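First to last, the sequence lines map onto chains A and B.
Quick note: the first sequence uses our numbering, first residue 4, plus one each step.
Quick note: the second sequence uses our numbering, first residue 1036, plus one each step.
A few of these clues could be false.
What the hints assert, rightly or not - Across the chosen pairs, the derived CB separations fall in these ranges: (1) B:P1100 x A:P96: 19 to 27 Å; (2) B:T1251 x A:K6: 55 to 63 Å; (3) A:P96 x B:T1118: 50 to 58 Å; (4) A:G35 x B:S1434: 41 to 49 Å.
To be clear, the hints were calculated from the coordinates, so they are not data collected in a lab.
Keep in mind the model is a prediction, meaning the values are calculated, not measured.
Cβ coordinates follow ideal geometry from the N, Cα and C atoms, glycine included.
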Amino acid sequence: MPKITYVHSTGTRTELDVPVGTSVMRGAILNGVDGIVAECGGEMMCATCHVYVQEDQLGRTPTQSDDEKAMLEFTASERRPNSRLSCQLVVTPELDGLVVYLPETQV
Amino acid sequence: MPAPVVAIVGTGQAGFQAAASLRQEGFAGRIVMIGDEPVPPYQRPPLSKSYLARESSLDELWLRPETFYAQHQIEVLAGETVTALDRTERRLRLASDSELSWDHLVLATGARFRPLAVPGAELDGVVPLRTLADADVLRERLDQAREVVVIGAGFIGLEFASVAIARGATVHIVEVTQQPMGRVVSATISRFFTEAHRRWGAEVLLGTGVTRILGTGGRVTGVETSGGRHLPADLVLICIGVVPNAELAREAGLAVDNGIVVDERLATTDPAILAIGDCANFPTPFAIGRVRLESVQNAVDQGRSVAAYIVGKPAPYDKVPWFWSDQSDVKLQIAGITAGHDNAVLRGDPESGHFSVFCFRTGRLIGVESVNQTADHVVARRLLAGNPKLAPEQAADVSYDLRALARGLSAREA
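With the sequences and hints as input, model every part of the structure.
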């Protein structure tokens, strides 16, 4: 099962096995990782599952839809070039070892 | 002094958010959530969308894993009912005959489906869609159902209809008004979705009531319409709206009028009792007077607001309302409350399948309905949070830069 690492704004790291087909957001919620809120449940209606993807791994992540780009305007923490909505990062074998940094706040 | 107790009646999205936000705000007292459904807090929107379509599983419905509640010391009494409130003693009584004293009480009791009072409504195969248990019944029934009649063309009825068609059933939609979703969307959007459902293969009967539901041997076989049609059916969905669960509040002497009446801080006529989510009737700057909204946004933002109130940081509730609906491959997103508009202008071309309707009242933007056009929705939420100087002609002009206008507003606020 692919391993995803969530790095909290405090520096604490949580490494999880997330099944293929599950989003990085859902992986965090199901395992009680604080720092991802996911208010809309993955419908791309909010931006409370915002993460920063480790920069050298950006190329491995699925391309951003226009809807995701639009919704990223709502992030409570600064939007950066490596900002993603983690509900849109559906885990594949290629994402094994992905590291995402959680912003200081989601709301 | 013993630790303060917050009792939350209701384990839906609003109740869950109030509990979670209380802990985020550093509330150190006891939190007890009480809900009559026998399951932990879950999300309702997928019940008429991906969960119903069997595209998502039960695991994905839970708002948090069960361990979350233990970790955050949130007691969840699932399958338990509050039978009475004693405001003088600040104590509530449970169906299991025990009692609980509170310092703050949050009523997040939600709403229940509105029954249809026609002969035959009790037949097997006539079902509502409100709870997880309802959705589980419908998921199973849709495996076999060939002929489905949907009574009521609101969000839930239309979402259900699009899933039923996709799962291979013949679908008739019966709506008593001339406008599907007419209580909450403009005529343009209503028409667009009516045509879309017809294109997807449903028959949509407008201005049509139901006189009775027909059956044989206790099982539904059809629906008789006010127009004299007999629609064959082996599954009938009743979705003609909801009734807010306000009985507890009324019996406790709190003001009730289309939901539990609260002030701008979401406090009832008793300041120790708050009401949030689908059951709360509140004043809002986004409508004339008061509203009661049934949405995730409303549940979540009001949950946060009462948590802040309880920890001593009360503030007027003034969040921009937003809503969404998924029907087949069409996503409807609404910012603001468009009911009561006196002018609606199109931005984009409905023929393209990507457009928005900007709704104005007395020259002021009050809401925007977007179809497969998230960029407009996002900008609308920003605009409505400020007080935009936007003329209808500008909204209708796709070359007019709305994002720049929204950015200007945020810059002024900052």
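Item checked: G35 (chain A) versus S1434 (chain B) beta-carbon gap, inside 41 to 49 Å or not -> holds (48 Å)
Next item on the list: Note whether the CB distance of T1251 (chain B) and K6 (chain A) lies within 55 to 63 Å or breaks it.
Entry: About 57 Å separates the Cβ atoms of T1251 (chain B) and K6 (chain A), which means 55 to 63 Å holds.
Checklist line | Cβ separation of P1100 (chain B) and P96 (chain A), checked against the hinted range 19 to 27 Å | finding: Between P1100 (chain B) and P96 (chain A), where Cβ atoms are some 25 Å apart, the hint holds.
Note to self: Against the range 50 to 58 Å, how does the distance between the Cβ atoms of P96 (chain A) and T1118 (chain B) compare: consistent or not?
What the structure shows: Hint holds: Cβ distance 53 Å, inside 50 to 58 Å.
Checked against the numbered hints given earlier, the structure satisfies every one of them.
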